[in-house]
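**Student:** Take a look at the letters that make up each chain.
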Amino acid sequence: MITSISARVERREQVTPVHVLLRVHAPEIAADAQPGQFVHLRASEAYDPLLRRPFSVMRTEAATGALDLLIQVVGRGSRLVADAVTGATFDLLGPLGVGFPLPPPGTPVSLVAGGVGVAPLIFLAEALSSAASPYEITGLFGARTAEFLCCWTEFAGRCTRFTAVTEDGSTGQQGLVTDFLAQHLAAQASRRVLPTVYACGPLPMLAAVAHLCSEHEVTAFVSLERWMGCGVGACLGCVVPSARAEGPRYVRVCKDGPVFLAGDLDWQAMPE
Amino acid sequence: MSVDLSVNLGGLLLANPVMVASGTFGYGTEYADLVDLSSLGALVTKAVTLESREGNPPPRICETPAGMLNAIGLQNPGLEAFVADKLPTLAAPGVPVIVNVAGASLEEYVAVAERLSAHASVAALELNISCPNVAEGGMHYGVCPQSTRDLVAAVRSVSRLPLIVKLSPNVTAIQPIAQAAVEAGADVLSVTNTLLGMAIDVERQCPVLANVTGGLSGPAIRPVAVRLVWEVFRAVRVPIIGLGGIMTARDALEFILAGATAVAVGTASFVNPRTVGEVLCGLRAYCEESGVTRLADLVGAAHPS
Numbered sequence: 052m053i054t055s056i057s058a059r060v061e062r063r064e065q066v067t068p069v070h071v072l073l074r075v076h077a078p079e080i081a082a083d084a085q086p087g088q089f090v091h092l093r094a095s096e097a098y099d100p101l102l103r104r105p106f107s108v109m110r111t112e113a114a115t116g117a118l119d120l121l122i123q124v125v126g127r128g129s130r131l132v133a134d135a136v137t138g139a140t141f142d143l144l145g146p147l148g149v150g151f152p153l154p155p156p157g158t159p160v161s162l163v164a165g166g167v168g169v170a171p172l173i174f175l176a177e178a179l180s181s182a183a184s185p186y187e188i189t190g191l192f193g194a195r196t197a198e199f200l201c202c203w204t205e206f207a208g209r210c211t212r213f214t215a216v217t218e219d220g221s222t223g224q225q226g227l228v229t230d231f232l233a234q235h236l237a238a239q240a241s242r243r244v245l246p247t248v249y250a251c252g253p254l255p256m257l258a259a260v261a262h263l264c265s266e267h268e269v270t271a272f273v274s275l276e277r278w279m280g281c282g283v284g285a286c287l288g289c290v291v292p293s294a295r296a297e298g299p300r301y302v303r304v305c306k307d308g309p310v311f312l313a314g315d316l317d318w319q320a321m322p323e
Numbered sequence: 007m008s009v010d011l012s013v014n015l016g017g018l019l020l021a022n023p024v025m026v027a028s029g030t031f032g033y034g035t036e037y038a039d040l041v042d043l044s045s046l047g048a049l050v051t052k053a054v055t056l057e058s059r060e061g062n063p064p065p066r067i068c069e070t071p072a073g074m075l076n077a078i079g080l081q082n083p084g085l086e087a088f089v090a091d092k093l094p095t096l097a098a099p100g101v102p103v104i105v106n107v108a109g110a111s112l113e114e115y116v117a118v119a120e121r122l123s124a125h126a127s128v129a130a131l132e133l134n135i136s137c138p139n140v141a142e143g144g145m146h147y148g149v150c151p152q153s154t155r156d157l158v159a160a161v162r163s164v165s166r167l168p169l170i171v172k173l174s175p176n177v178t179a180i181q182p183i184a185q186a187a188v189e190a191g192a193d194v195l196s197v198t199n200t201l202l203g204m205a206i207d208v209e210r211q212c213p214v215l216a217n218v219t220g221g222l223s224g225p226a227i228r229p230v231a232v233r234l235v236w237e238v239f240r241a242v243r244v245p246i247i248g249l250g251g252i253m254t255a256r257d258a259l260e261f262i263l264a265g266a267t268a269v270a271v272g273t274a275s276f277v278n279p280r281t282v283g284e285v286l287c288g289l290r291a292y293c294e295e296s297g298v299t300r301l302a303d304l305v306g307a308a309h310p311s
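Keeping their order, the protein sequence lines are chains L and R.
Taking the numbering used here, the leading residue of the first sequence gets 52, the next gets one more, and so forth.
Taking the numbering used here, the leading residue of the second sequence gets 7, the next gets one more, and so forth.
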């Protein structure tokens with residue numbers, strides 16, 4: 052059930068110079084939200100910026116109705132959201148979209164995060180690590196610099212093993228997170244049960260994840276971010292090309308996703 | 007005081023004048039959790055073509071000051087899949103279903119209109135002769151009085167349903183086109199579709215939309231749309247559906263006072279899905295406060311008598 056509510060900001064934490072963690076009171080959405088789902092947030096009552104902004108759910112607390120959102124300032128809309136003061140309210144729609152399907156018990160899991168894409172994977176890691184039979188979780192978190200490894204301790208704390216990667220080597224390993232996914236998948240190739248990979252981050256990273264997982268014949272789920280109009284599947288504005296033989300050529304990130312089986316998308320035709 | 011909000015759109019009776027704009031409300035189900043669909047004056051579908059259309063490649067949308075550009079490109083499952091899969095759920099809330107019809111040729115419009123006219127769940131047809139986003143999307147029909155006349159007459163000859171023609175704002179003079187549509191048998195005119203526009207990504211130095219151009223909607227276009235309704239009202243004597251950037255009841259009243267009998271909410275539903283309900287409540291409140299017992303009495307009231 053999608054609900055539309057006015058959610059009060061209960062806490063604002065500046066986690067890096069460009070990331071803010073907002074805790075809002077949204078009990079109806081918090082009660083229903085699954086890892087990988089998102090909320091569509093109206094950043095302003097004014098007409099400019101006009102459209103809502105989608106944000107992945109990072110954490111929920113059903114008992115208190117709290118919903119955590121990780122905001123990276125990239126433009127005017129996210130700036131308005133990040134600058135919210137405690138007590139301010141935002142109009143939220145949610146929970147929206149299709150989240151991450153959980154793997155069968157006993158499957159090793161690899162979580163690949165790029166930058167602010169860590170948010171839904173923290174939610175997923177929490178669900179996986181608190182499952183009746185907990186999963187073996189390998190966490191890989193990459194970013195440009197140490198500054199963009201936002202909330203990494205919360206992610207690392209839920210993983211069985213964890214690797215941080217920065218492009219400039221300012222923290223953790225130097226390189227691209229997908230280089231380390233390649234190593235990891237190669238090391239896993241002889242295992243009886245292959246891992247399932249879950250990834251969220253910039254499109255080039257997701258394309259590389261899809262390619263690597265296809266090469267290793269490993270199941271991968273990716274969570275995409277696109278500009279959205281309605282957020283509920285009506286406007287067909289946020290589509291990406293599908294690789295499936297049946298169904299429409301273009302699928303909606305907001306409704307058919309944001310989580311897709313990597314092999315279901317046409318990465319050759321993916322927009323930049 | 008009770009206010010009569012009902013309107014007559016060329017024989018199509020609506021309990022209230024607040025509709026949704028084609029392409030902004032999917033097929034009804036998408037907003038079912040958020041909007042009481044039975045409270046709508048009418049549901050208007052995304053455009054339907056004879057065969058399925060995959061639509062334009064992404065990026066398809068772009069936010070602009072107080073508006074947005076879209077170039078969806080008429081993505082739809084095609085006529086038969088629409089009738090089988092979409093129409094039953096559209097009809098379920100019990101409000102009139104208006105099907106928006108598009109085509110690449112006159113023959114395609116006629117074939118779609120004829121098939122839909124045989125279906126009891128379709129209350130009216132809206133001919134989309136104004137989609138700016140596909141080369142063969144109908145706008146070439148809607149920017150010339152003679153081709154508008156030919157197309158409307160051809161569809162009129164195969165359908166007895168109330169026929170709405172959705173006009174393009176991308177013309178030098180809208181009145182000759184409005185008159186041509188009415189002379190050829192249009193019962194109602196929708197004014198207006200999106201304004202042709204574009205945006206450039208200055209970092210990448212290329213157009214933002216894969217289609218290069220798109221249709222501008224949202225509050226940014228409202229003054230243009232109100233002016234077009236005003237002009238069409240003075241040119242023809244058929245009901246007008248006013249649309250273009252309606253965000254509030256006051257916006258809807260501008261259109262009504264300019265000459266619209268009904269209004270449609272489009273982009274505003276993306277921003278606030280409750281807009282349709284808020285507009286309806288606001289129209290009722292305005293009538294109560296100003297002692298108007300029939301909303302229809304306000305239609306065109308801003309014109310000098």
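Rather than coming from a laboratory, the hints here were simulated on the basis of the structure.
Some clues are possibly wrong.
[What the hints assert, rightly or not] Calculated from the model, a selection of chain R residues having no Cβ within reach of chain L, i.e. all distances over 12 Å:
#	residue
1	16
2	45
3	100
4	114
5	120
6	149
7	163
8	177
9	193
10	223
11	274
[Said to hold, decoys possible] Listed next, with one range per pair, are the computed distances between beta-carbon atoms:
#	chain 1	residue 1	chain 2	residue 2	range
12	R	206	L	138	37 to 47 Å
13	R	212	L	314	28 to 38 Å
14	R	212	L	197	25 to 35 Å
15	R	297	L	253	56 to 66 Å
16	L	268	R	156	49 to 59 Å
[Stated by the list, open to error] Listed next, the stretches of chain R that the computed footprint assigns to chain L, with coverage defined by at least 3 CB atoms under 8 Å from CB atoms of chain L:
#	segment
17	72-84
18	152-160
Given the structure is predicted, the values throughout are model-derived calculations rather than measurements.
Backbone N, C-alpha and C define an ideal beta-carbon position, used for all residues, glycine too.
**Student:** Each of the hints needs a verdict: does it hold here or not?
**Tutor:** Evaluation of the provided hints:
Chain L leaves residue 16 of chain R outside its interface by the beta-carbon criterion, the shortest separation being 27 Å against a cut-off of 12 Å. At roughly 15 Å from the closest C-beta of chain L, the C-beta of residue 45 of chain R stays outside 12 Å, upholding its exclusion from the interface. Every beta carbon of chain L lies more than 12 Å from that of residue 100 of chain R, the smallest distance being close to 20 Å; the non-interface claim holds. Its beta-carbon lying about 20 Å from the closest one in chain L, residue 114 of chain R satisfies the requirement of being farther than 12 Å from that chain.
The claim that residue 120 of chain R is not at the interface with chain L holds, since no C-beta of that chain comes within 12 Å of its own (minimum 26 Å). Residue-level check passed: residue 149 of chain R sits 24 Å from the nearest beta carbon of chain L, beyond 12 Å. Under the 12 Å C-beta cut-off, the non-interface status given to residue 163 of chain R relative to chain L holds; the minimum distance is some 32 Å. Non-interface call for residue 177 of chain R relative to chain L: holds, since the shortest CB-CB distance, roughly 25 Å, exceeds 12 Å.
Against the 12 Å criterion, residue 193 of chain R stays outside the reach of chain L, whose nearest CB is about 27 Å from its own CB. Once the 12 Å rule is applied to beta carbons, residue 223 of chain R is inconsistent with being away from chain L; the minimum gap is 10 Å. Not every C-beta of chain L lies more than 12 Å from that of residue 274 of chain R, the closest at about 9 Å, which undercuts listing it as non-interface. Residue 206 of chain R and residue 138 of chain L have their C-beta atoms about 39 Å apart, which keeps the hinted 37 to 47 Å range intact.
Taken as a hint, the range 28 to 38 Å holds for the pair residue 212 of chain R and residue 314 of chain L, whose Cβ atoms sit roughly 29 Å apart. Taking the beta carbon of each, residue 212 of chain R and residue 197 of chain L are about 33 Å apart, inside 25 to 35 Å as hinted. The supplied range of 56 to 66 Å is met by residue 297 of chain R and residue 253 of chain L, whose beta-carbon atoms lie about 59 Å from each other. Remark: the range hint 49 to 59 Å for residue 268 of chain L to residue 156 of chain R is upheld by a beta-carbon distance near 57 Å.
With 7 residues having a beta carbon nearer than 8 Å to a beta carbon of chain L, the segment 72-84 of chain R meets the requirement of three or more and the stated coverage holds. Proximity of the segment 152-160 of chain R to chain L, defined as three or more residues with a beta carbon under 8 Å from a beta carbon of that chain, is not established by the 0 residues found.
Checked against the numbered hints above, the structure violates hints 10, 11, 18; every other hint is satisfied.
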